[in-house]
Amino acid sequence: MVAFVRKRDKRVQAHRKLLEEQNAEKAKKSEELRRQQKLKQAKLAEQYKEQSWITMSDLERELQQMEAQYEKEFGDGSGKEEEEEKEERKENQEEDKLSEEHDAASL
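In full-length UniProt numbering, the protein residues as written are 1 to 107.
Do not take every clue at face value.
[Stated by the list, open to error] When the alpha-carbon atoms are kept at most 27 Å apart in a straight line, the in silico BS3-like pairs for lysine-lysine are as follows: (1) K40 x K29; (2) K49 x K72; (3) K28 x K17; (4) K38 x K26; (5) K17 x K29; (6) K26 x K7; (7) K38 x K49; (8) K38 x K28; (9) K43 x K28; (10) K10 x K26; (11) K40 x K26; (12) K26 x K49; (13) K7 x K17; (14) K28 x K40; (15) K29 x K43; (16) K97 x K86.
No wet-lab data here; the hints were simulated from the structure.
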């Protein structure tokens with residue numbers, strides 16, 4: 001019976017309506033804040049400039065300078081090693097070809 005009376009009481013209905021309006025207003029405000037934060041983040045992302053110390057081109061340039069300095073101080077050791085490896089590979093390939101030809105000729 002209490003529930004029946006509360007349903008019909010104008011004060012309870014007015015309070016319920018007030019609570020619904022407040023909840024709707026809170027939801028609207030939170031949605032607006034979320035939208036504003038999203039726009040703010042988009043603007044920040046647009047204005048973002050990569051730090052100079054992070055860029056790869058600067059790092060590559062610095063690495064090349066370090067390599068050049070190393071070559072000046074200690075000579076050109078790494079380049080000779082690479083050339084020697086290439087020559088060894090060529091010689092091995094030629095030996096393989098000769099042995100294949102010899103095997104084919106002996107059959």
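To see whether the hints hold, each was checked on the structure:
1. K40 x K29: holds, 16 Å
2. K49 x K72: violated, 36 Å
3. K28 x K17: Roughly 16 Å separates the two Cα atoms, so the pair holds.
4. K38 x K26: Answer holds: K38 to K26 is near 18 Å, not above 27 Å.
5. K17 x K29: Roughly 18 Å separates the two Cα atoms, so the pair holds.
6. K26 x K7: It holds: about 25 Å lies between the C-alpha atoms, which stays within 27 Å.
7. K38 x K49: holds, 19 Å
8. K38 x K28: holds, 15 Å
9. K43 x K28: holds, 23 Å
10. K10 x K26: Given that 27 Å is the threshold and the Cα spacing comes to 24 Å, the pair holds.
11. K40 x K26: Cα-Cα ~21 Å, so holds.
12. K26 x K49: violated, 36 Å
13. K7 x K17: Judged against 27 Å, a Cα distance of about 12 Å means the pair holds.
14. K28 x K40: Given that 27 Å is the threshold and the Cα spacing comes to 18 Å, the pair holds.
15. K29 x K43: Between K29 and K43 the Cα gap is close to 21 Å, so the pair holds against 27 Å.
16. K97 x K86: holds, 17 Å
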